[in-house]
Amino acid sequence: MDTRPVPAGTDAGAPPDPAAAPGTAIRRHGLATRLWHWVNAVAVIVLLGSGLGISNAHPRLYWGQYGANFDTAWAQLPRFPAWITIPAGYNLAISRRWHLFFALVLGFGLLGYMLWGMIGRHFRRDLSLRRRELTPAHLWADVRAHWDFRFHDPARPRDYNVFQKLSYIGVLFVLLPLAILTGIALSPGMNAGWPWVLDLLGGRQSARSIHFVAAVAIGVFTVVHLVLVILAGAGNELRSMVTGWWRVPQ
Amino acid sequence: MNGRKSIIARRTILTGGAGLLLAGCDRIVQIPAARRILFAGEEMQRGLHRALVDRAALAPEYTAAQRSPIFRANGTRDPGTPEYGAMVANRFADWRLAVGGLVANPLSLSLADLRALPNRRQITRHDCVEGWSAIGQWTGPMLGNVLKAAGLRDGARYLVFTCADLYGGLPYYESIDLVDAFHPQTILAWALNGHPLDVAHGAPVRLRVERQLGYKHAKYLMRIDAVASLAGIGKGKGGYWEDNVDYDWYAGI
Numbered sequence: 001m002d003t004r005p006v007p008a009g010t011d012a013g014a015p016p017d018p019a020a021a022p023g024t025a026i027r028r029h030g031l032a033t034r035l036w037h038w039v040n041a042v043a044v045i046v047l048l049g050s051g052l053g054i055s056n057a058h059p060r061l062y063w064g065q066y067g068a069n070f071d072t073a074w075a076q077l078p079r080f081p082a083w084i085t086i087p088a089g090y091n092l093a094i095s096r097r098w099h100l101f102f103a104l105v106l107g108f109g110l111l112g113y114m115l116w117g118m119i120g121r122h123f124r125r126d127l128s129l130r131r132r133e134l135t136p137a138h139l140w141a142d143v144r145a146h147w148d149f150r151f152h153d154p155a156r157p158r159d160y161n162v163f164q165k166l167s168y169i170g171v172l173f174v175l176l177p178l179a180i181l182t183g184i185a186l187s188p189g190m191n192a193g194w195p196w197v198l199d200l201l202g203g204r205q206s207a208r209s210i211h212f213v214a215a216v217a218i219g220v221f222t223v224v225h226l227v228l229v230i231l232a233g234a235g236n237e238l239r240s241m242v243t244g245w246w247r248v249p250q
Numbered sequence: 001m002n003g004r005k006s007i008i009a010r011r012t013i014l015t016g017g018a019g020l021l022l023a024g025c026d027r028i029v030q031i032p033a034a035r036r037i038l039f040a041g042e043e044m045q046r047g048l049h050r051a052l053v054d055r056a057a058l059a060p061e062y063t064a065a066q067r068s069p070i071f072r073a074n075g076t077r078d079p080g081t082p083e084y085g086a087m088v089a090n091r092f093a094d095w096r097l098a099v100g101g102l103v104a105n106p107l108s109l110s111l112a113d114l115r116a117l118p119n120r121r122q123i124t125r126h127d128c129v130e131g132w133s134a135i136g137q138w139t140g141p142m143l144g145n146v147l148k149a150a151g152l153r154d155g156a157r158y159l160v161f162t163c164a165d166l167y168g169g170l171p172y173y174e175s176i177d178l179v180d181a182f183h184p185q186t187i188l189a190w191a192l193n194g195h196p197l198d199v200a201h202g203a204p205v206r207l208r209v210e211r212q213l214g215y216k217h218a219k220y221l222m223r224i225d226a227v228a229s230l231a232g233i234g235k236g237k238g239g240y241w242e243d244n245v246d247y248d249w250y251a252g253i
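Line by line, the protein sequences give chains A and B.
If you read the first sequence in this note's numbering, its first letter stands for residue 1, the second for the next number, and so on.
If you read the second sequence in this note's numbering, its first letter stands for residue 1, the second for the next number, and so on.
One chain only, chain A, in its complex shape (with noise of 0.2 Å):
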């Protein structure tokens, strides 16, 4: 019996990919996904620190329709430094200006990916997951390859692996569209046109406690993101996703 731990994203069921002989230049990433990804980590980084600055002018969460300082916050968030909000010092009317306007940049940019990647096959192509990687003997062995720093198959190197593939699924298809979801949800303006959203997410308050449980893990996810990255080998991955070749790693 072999013992040795499967490599991540192993398919037993696919043919190994020929053209992806370790040390040759594939191409990895389409132009739409290169230009949405660079699009929304700009739009992502303004977000998450004018949001943070935005945070500051009144850091009590809240459950349900209301919620003021005489009212029960479940959550007391510290004051964020000045060196990761926009801007540096505090200014509610600057950080909201950099906010609603890449609020724009973000939804729009995600929706166009979206009918991109649904229309063009992308997600179907390389985000479907198959039922065998879903399998516990399967997660398992993508943990320890990812232990081992092990992030592709050598046989299908330009598959994602399962974790990949999961935490793309969740931060495209759940986190961003919560985010604006919730976003659309604290307009009084947007309130009065689509009162179902607030109805969805039990009042306004609600919306901005899940508003800030959705930007702080699309944070967690970032950082993780940018360690993997790095783990990864950042030039050959920065390159791919700049000009869309991937050397496939020996």
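There may be inaccurate statements among the hints.
To be verified - A short, non-exhaustive set of chain B residues, derived as facing chain A with CB atoms under 10 Å: (1) G19; (2) D54; (3) V245.
To be verified - Using 20 Å as the maximum straight-line C-alpha spacing, the simulated SDA-like pairs for lysine to any residue come out as follows: (4) K237/B / R124/A; (5) K148/B / H195/B; (6) K165/A / W116/A; (7) K237/B / L92/A; (8) K148/B / V103/B; (9) K148/B / D177/B.
Just so you know, the hints here were simulated from the structure itself, not pulled from any lab data.
Built from N, CA and C at the ideal position, the CB exists for glycine as well.
Chain A is fixed; fit chain B onto it per the hints.
Below, chain B alone, put in the same frame as chain A:
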């Protein structure tokens, strides 16, 4: 060891990039052209709202049980001027709301006049730009009816609200467009939760413009003027906060 060193170097490059972006934002906002683009976000948001939201769409209304136990007062809590003190002392018997500017019939309305008009009672949510919300019941005549009585003249595009309070030594004022002025929930509120407004909440009358943030809801109203343009009023941006700290004039978000 070398591998670790290069990992640290790469980490510095990547996280340094994010840090530079954060720091760069403060420089970018100083560049006039970049600032104009950033501030154009307000017009885009307003355009989206006007496109997506019906002009007459109502802000959510709540039940009596959903009201905040304590309705937080914010901004000016007492104008503190001798003139305002005198009005409080005689319970606003001499207070008059002037309605003028581009109108056919300028009005001077007492509290009794406002109460005698058909009044609307609405339990709505007040959202401060800072992020908190409070729910309360407001009573008052629809601004639209007052404006119909005054008769807007051609060319009137905005309503400017002049207040009795000074904020940081400057007169507080606000302005809205005609879409919001004639919205059914836009009222001149004289009561909160069934009681005449107290000083902290804007006695004797404050504006309620329910699809926008709290700073648009001008308190301590003294005058309403119909105008063609906001230029020349205050510093020209349509309100105390808009003039002095760059808050958005359109506060529907």
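Legend entry - Holds or violated: K148/B to V103/B, with C-alpha atoms at most 20 Å apart: holds (9 Å)
Inset, instruction - So, D54/B near chain A? Judge it on the closest CB pair being under 10 Å. - result: holds (7 Å)
Inset, instruction - Could you grab the alpha-carbon distance between K148/B and H195/B and see if it respects the 20 Å cut-off? - result: Given pair K148/B, H195/B is violated - Cα atoms ~27 Å apart, limit 20 Å.
Inset, instruction - Mind checking the alpha carbons of K165/A and W116/A for me, to see if they're no more than 20 Å apart? - result: It holds: about 18 Å lies between the C-alpha atoms, which stays within 20 Å.
Inset, instruction - Grab the minimum C-beta distance from G19/B to chain A and call the hint holds if it beats 10 Å, violated otherwise. - result: holds (8 Å)
Inset, instruction - Please work out if K237/B and L92/A have their alpha carbons no farther apart than 20 Å. - result: holds (17 Å)
Legend entry - Pairwise hint evaluation, D177/B against K148/B, where the allowed Cα distance is 20 Å at most: holds (15 Å)
Inset, instruction - Could you check if V245/B really has its C-beta closer than 10 Å to a C-beta on chain A? - result: holds (5 Å)
Legend entry - Proposed proximity, R124/A with K237/B (alpha carbon, max 20 Å): violated (50 Å)
Of the hints listed earlier, those the structure fails to meet are numbers 4, 5, in rising order.
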